[in-house]
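Protein chains: 4
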Amino acid sequence: MVNKIKVGILGATGAVGQNYTLLLESHPWFEVTYLAASANSAGKTYKEATKEKWFMDKDIPKRLEGFIVGDASKITDALGKCDFVFSSYEGSKEDIQKTEIAYATAGIPVISNNSAYRWTSDVPMIIPEINHEHIKIIDIQRKNRGFGKGFIITKPNCSIQSYMTPVYALMEKGYFPKSIIVSTEQASSGAGYPGVPSMDLIDNTIPYIVGEAEKTEREPLKIFGEFKNGKFQDYDKLKISATCTRVPVTNGHTAIVNLGFLDNKPSSLDEIIGIWNSFRSEPQRLKLPSAPVHPIIYRYEENRPQPRKDRDAEKGMAVSVGRLRKCDVLDIKFVGLSHNTIRGAAGGAILTAELLKVQGYL
Amino acid sequence: MVNKIKVGILGATGAVGQNYTLLLESHPWFEVTYLAASANSAGKTYKEATKEKWFMDKDIPKRLEGFIVGDASKITDALGKCDFVFSSYEGSKEDIQKTEIAYATAGIPVISNNSAYRWTSDVPMIIPEINHEHIKIIDIQRKNRGFGKGFIITKPNCSIQSYMTPVYALMEKGYFPKSIIVSTEQASSGAGYPGVPSMDLIDNTIPYIVGEAEKTEREPLKIFGEFKNGKFQDYDKLKISATCTRVPVTNGHTAIVNLGFLDNKPSSLDEIIGIWNSFRSEPQRLKLPSAPVHPIIYRYEENRPQPRKDRDAEKGMAVSVGRLRKCDVLDIKFVGLSHNTIRGAAGGAILTAELLKVQGYL
Amino acid sequence: MVNKIKVGILGATGAVGQNYTLLLESHPWFEVTYLAASANSAGKTYKEATKEKWFMDKDIPKRLEGFIVGDASKITDALGKCDFVFSSYEGSKEDIQKTEIAYATAGIPVISNNSAYRWTSDVPMIIPEINHEHIKIIDIQRKNRGFGKGFIITKPNCSIQSYMTPVYALMEKGYFPKSIIVSTEQASSGAGYPGVPSMDLIDNTIPYIVGEAEKTEREPLKIFGEFKNGKFQDYDKLKISATCTRVPVTNGHTAIVNLGFLDNKPSSLDEIIGIWNSFRSEPQRLKLPSAPVHPIIYRYEENRPQPRKDRDAEKGMAVSVGRLRKCDVLDIKFVGLSHNTIRGAAGGAILTAELLKVQGYL
Amino acid sequence: MVNKIKVGILGATGAVGQNYTLLLESHPWFEVTYLAASANSAGKTYKEATKEKWFMDKDIPKRLEGFIVGDASKITDALGKCDFVFSSYEGSKEDIQKTEIAYATAGIPVISNNSAYRWTSDVPMIIPEINHEHIKIIDIQRKNRGFGKGFIITKPNCSIQSYMTPVYALMEKGYFPKSIIVSTEQASSGAGYPGVPSMDLIDNTIPYIVGEAEKTEREPLKIFGEFKNGKFQDYDKLKISATCTRVPVTNGHTAIVNLGFLDNKPSSLDEIIGIWNSFRSEPQRLKLPSAPVHPIIYRYEENRPQPRKDRDAEKGMAVSVGRLRKCDVLDIKFVGLSHNTIRGAAGGAILTAELLKVQGYL
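Chains as they are written, first to last, in the numbering used here: chain A, 1 to 362; chain Y, 1 to 362; chain L, 1 to 362; chain C, 1 to 362.
I should point out that these hints are in silico values taken from the structure, not numbers from a laboratory.
Copies of the same chain look alike in the list, so a pair counts if it fits in one copy or across any two.
The calculated SDA-like cross-link candidates involving lysine to any residue, where the alpha carbons are at most 25 Å apart (straight line), are: (1) LYS265 x GLU214; (2) LYS239 x ASP331; (3) LYS215 x GLY260; (4) LYS44 x LYS98; (5) LYS47 x GLY274; (6) LYS62 x TRP29; (7) LYS326 x TYR208; (8) LYS51 x ASN277; (9) LYS6 x HIS27; (10) LYS47 x ASN277; (11) LYS4 x LYS149; (12) LYS53 x GLU214; (13) LYS51 x LEU269; (14) LYS74 x GLY146; (15) LYS315 x GLN284; (16) LYS53 x GLU314; (17) LYS326 x PHE261; (18) LYS58 x VAL210; (19) LYS178 x LYS239; (20) LYS62 x ASN40; (21) LYS44 x VAL210.
Predicted, not measured: the structure shown is a model, and the values here were computed from it.
Full structure from sequences and hints, please.
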């Protein structure tokens with residue numbers, strides 16, 4: 001591809017922003033051409049601006065070191081420099097909403113990691129393997145808001161991505177969930193940098209993450225929702241109850257899931273494993289560059305999935321599942337795991353962008 | 001107390017055995033007078049026998065360093081040396097059963113940490129705050145088996161002790177559980193020493209512990225069982241579904257509990273907290289030396305209980321609870337935590353011994 | 001003691017300040033009567049002011065929860081409320097100097113954990129077991145600066161306390177060090193709270209701590225200095241070369257020390273161990289309440305001292321030493337360990353205060 | 001290359017053996033054709049034999065899963081199946097020597113990770129960038145022992161590989177070391193699997209590793225030795241003093257090095273950095289497949305090298321160096337880091353094999 005699509009990153013100096021720069025380093029379709037952050041960082045080179053807080057294990061991309069960081073709140077800085085932006089801009093909900101809508105208004109599509117717009121009815125929240133059809137909500141959004149080329153799209157919270165695709169794979173076969181009880185063991189990187197103090201995670205775990213249980217209980221209902229006759233409706237047959245904990249792991253969120261079915265139930269655990277292992281969706285059919293060949297990988301070993309061993313499956317884009325057993329209270333239980341900063345954040349958003357590109361939205 | 005009761009420890013060189021020696025160092029009623037282990041260790045001094053594997057943070061008690069370790073399988077070695085034994089002897093189920101019954105037959109009561117006899121119907125499995133009345137099963141056991149002074153009594157698995165007392169406190173007020181979904185985050189010390197390899201717990205967790213989910217699902221039913229008209233019956237109205245995981249924590253098992261009530265439900269979360277904070281039981285009424293003044297401590301902070309901060313509450317004998325919330329799938333959810341090697345192992349067994357002493361069984 | 005000495009804590013909301021409140025909870029001579037911090041915290045109760053950042057494993061002392069925090073920069077707030085202060089006030093060097101001198105001028109002695117005044121010639125820097133005689137520098141300081149009852153005294157950096165006492169014990173016997181090469185493995189708590197991000201210490205170590213190598217190389221020279229004929233002179237015969245690293249440990253700084261003697265050398269490694277084990281100094285002779293009975297404990301096991309097993313020796317006030325061997329490059333090598341927030345910070349300062357009290361300075 | 005050289009792995013079920021299978025998975029010259037281990041594993045498939053102890057983060061290579069493991073002690077099993085072997089066979093020194101010499105006698109060259117033959121005078125111990133010329137010792141060995149195609153060659157201990165190449169780079173420019181004081185912070189994987197118990201490395205470090213300090217002090221003298229006029233002589237002008245500690249890190253050994261020069265000294269720290277960054281040796285000149293392009297990478301950041309961030313530099317084959325400063329006791333100090341199971345074990349041995357192949361020994 002001779003002419004790559006020009007990409008901007010809002011919040012480029014933060015943890016997720018840094019990850020974008022690495023994951024896009026040799027992307028076949030996209031090229032980072034603009035980096036923006038808060039006023040504090042604006043005007044500095046990217047290297048300077050991230051000096052004390054570059055926290056990725058890999059070094060800052062050489063090509064971007066000398067980039068002058070723009071002010072994310074000044075949309076005019078971005079004009080002409082990028083065709084769309086990934087937004088991991090931090091701030092109050094109001095700030096983020098104001099900033100992201102300004103880009104969309106100016107004709108620059110926004111793919112956002114933030115939760116600010118996740119619950120706005122004409123803004124889709126996408127996991128490409130699950131609700132790729134929701135992308136059409138963009139058409140309504142553009143009409144509603146008088147946008148031209150611009151729009152806003154969001155990706156959901158990282159905590160739900162370790163079990164949502166396995167649950168969806170069963171739904172696709174007619175096995176709908178009625179109740180889910182989930183407890184998560186979430187990695188330190190989910191809190192960004194500096195994030196969780198080391199004193200809190202040496203010989204310790206924390207049974208609480210601000211706002212995380214609420215997102216975990218609510219976001220799946222929108223993602224499983226239906227877009228029918230131009231209207232969108234949340235999935236209303238499922239109740240989720242979540243407890244989210246932090247454990248001393250760098251990357252990889254684990255979800256311990258207990259699930260009860262609505263009416264139809266799979267005939268056996270083996271049927272479920274078969275459904276998971278053979279699951280393919282739109283990103284696989286379209287062979288999107290970041291799509292995992294196997295979106296769900298069932299691990300037969302009793303002691304898997306484990307964060308260090310399974311988070312990097314399919315370059316961090318697959319969900320690993322294991323320990324499927326009958327649950328005496330609900331119906332089944334299993335353990336899911338995904339890489340929170342790849343599948344659960346920057347990688348998931350890039351896959352979404354690839355889908356948008358193929359569908360002509362970018 | 002001038003004349004202390006003489007105590008033997010079977011499996012004295014193992015992890016739990018070591019903990020017994022420390023916890024009994026200055027016990028007002030009990031004095032360690034005999035240490036026994038496998039044939040390999042027999043004949044060595046206790047210091048030699050634990051040389052490469054003393055894994056407690058505190059040093060080996062000076063008084064015991066020079067003790068000659070006996071052979072646990074030779075009951076004659078123990079005769080006259082101890083009035084009863086704590087057994088944390090390791091081996092096959094058959095070995096353990098054979099050994100423990102030999103002591104009981106020889107007139108030496110056995111308080112066992114092992115699971116070998118937990119499911120034998122005339123052997124009680126005791127958490128002193130909950131089923132102290134089950135101690136009377138000993139009378140039946142003695143009769144059944146023709147024991148004189150001897151008997152066998154067990155303590156349950158450490159994984160259930162972080163939430164059983166809170167659940168029982170509610171039962172006592174008429175709020176019976178119908179269903180429990182629990183996932184645990186268990187400490188490394190639960191596996192003894194050498195136990196879990198460090199390579200498995202650096203930047204990692206493991207979603208599996210051999211046999212632990214089964215024990216977690218089954219043991220509470222015996223403990224909540226009823227002893228009526230000389231007969232014992234398991235509690236049969238409760239279903240438990242458990243997933244047990246290992247996390248990089250030295251001590252302190254965390255349990256994330258979702259619970260549904262049978263019929264009667266507490267009127268509010270505050271009522272539950274009140275019940276927990278005011279809960280007192282037999283060990284408290286008897287002021288047993290190892291009894292925690294507050295067996296259940298509710299932590300109001302959103303991010304508690306935490307292993308490093310709460311495991312040592314009441315010298316490791318209290319259960320700390322927090323994060324009580326409504327559960328949309330069942331009724332309530334909360335997080336419980338207890339010290340697995342104190343409340344969950346040696347400390348719990350010592351408290352049981354104190355109860356037995358007061359009741360005239362020792 | 002009916003009337004306890006009234007103690008204020010400057011920087012009471014910080015990590016070291018919190019530790020002071022715990023260590024002084026039942027002190028026989030001192031009672032905390034005043035808590036002060038920055039303007040941000042002033043006016044709040046101590047509980048409120050530390051709400052999001054109480055990071056000690058033990059709970060905040062009940063008695064202090066409702067104390068209204070004063071503004072450390074307003075000396076008038078402290079007047080009449082305390083007889084002396086421990087200062088762990090954070091800020092720029094200028095701020096700290098200004099604040100501490102204001103207290104001293106107002107007649108309130110200051111025992112400081114800060115480095116701001118450590119290199120001022122008329123301000124002593126004290127490790128009670130080593131240079132208790134330097135306390136007399138206070139007389140000069142008072143004269144120089146026209147102080148009445150007030151004065152400033154400092155304690156040295158935590159990084160040097162794991163090996164300074166063992167080195168001094170040898171000096172006392174005529175074995176003077178000429179060169180020391182030391183590398184430290186320092187605990188997370190040394191950086192306070194929030195301190196080091198967890199992402200930096202999971203599956204990782206950091207070979208750098210700001211300013212720490214410099215302090216480690218320089219401070220011993222003042223502590224080993226001589227106060228003679230009313231004049232003070234640094235020890236100038238010793239060169240120290242240090243590298244300080246951070247490791248994933250909560251508490252306990254380890255120092256790996258290689259040492260060459262000036263001229264006189266001990267006759268054997270056993271002689272050195274004997275000197276260490278029998279070392280006693282002024283705090284021991286005076287039986288100060290916080291003085292460890294054995295200030296230096298030699299561990300004969302090959303794999304000791306270890307942070308988790310040795311940091312709490314003598315309630316965290318002893319230095320544990322081990323692995324004494326010949327060094328082919330210098331003369332000897334050994335490993336030292338002490339509890340950085342007790343012996344190396346609040347505990348060391350409290351012991352100094354006890355010494356000052358006995359000597360009539362408080 | 002159509003016909004790859006056939007490779008056997010002795011000790012294939014152990015930690016280092018597992019790493020060989022992964023690193024050789026797509027090697028351009030070598031192909032694993034034979035796996036052998038102890039009698040316990042012999043006869044099982046490789047998958048079965050490693051079932052409970054596969055401890056690599058990446059899965060077992062599919063191609064090798066069904067391989068039947070041979071008995072390493074039966075040389076006849078290997079005949080015809082491999083052209084040479086990598087040996088990480090575990091056992092007593094005598095066992096290892098007996099086994100390895102049997103292969104060499106049978107005409108199968110042995111490249112060994114074991115220390116059994118490291119100090120035998122006609123057996124070279126190779127770091128390819130440093131003493132590639134010592135490979136010629138093989139000629140003498142073959143003559144001495146009447147070997148045909150067979151020979152034994154060793155690689156040194158992992159603990160020395162984090163600083164030996166940087167030291168050698170200076171020697172090559174005429175700056176010879178006279179004294180080195182080194183303390184290491186070594187990763188858990190260095191002890192294999194199960195290796196160090198997790199209870200020893202949570203909130204802890206261990207200041208001792210069996211035999212490691214001795215190897216660290218002695219092996220460099222052979223590696224820096226000279227092979228002249230058909231005779232080999234250890235380097236005798238250098239004294240090394242080492243302390244080796246274990247830290248909670250999965251992979252990556254850190255070495256804190258203080259070094260004094262013999263006579264010639266570099267003119268500045270910058271000169272040293274320049275020498276390191278431009279250092280290239282035989283593996284680079286020959287463009288061996290596993291050779292790092294930059295064998296030494298100087299990190300200018302104050303807080304580098306760090307295990308998690310630097311161990312994978314150049315696919316784990318480079319040594320990262322940082323924190324170069326003057327040492328007041330010796331001359332300079334710095335921190336070196338390398339990946340202990342790649343550069344320090346299997347990777348280093350593969351690079352040696354590549355060198356042997358180019359030189360016609362394989």
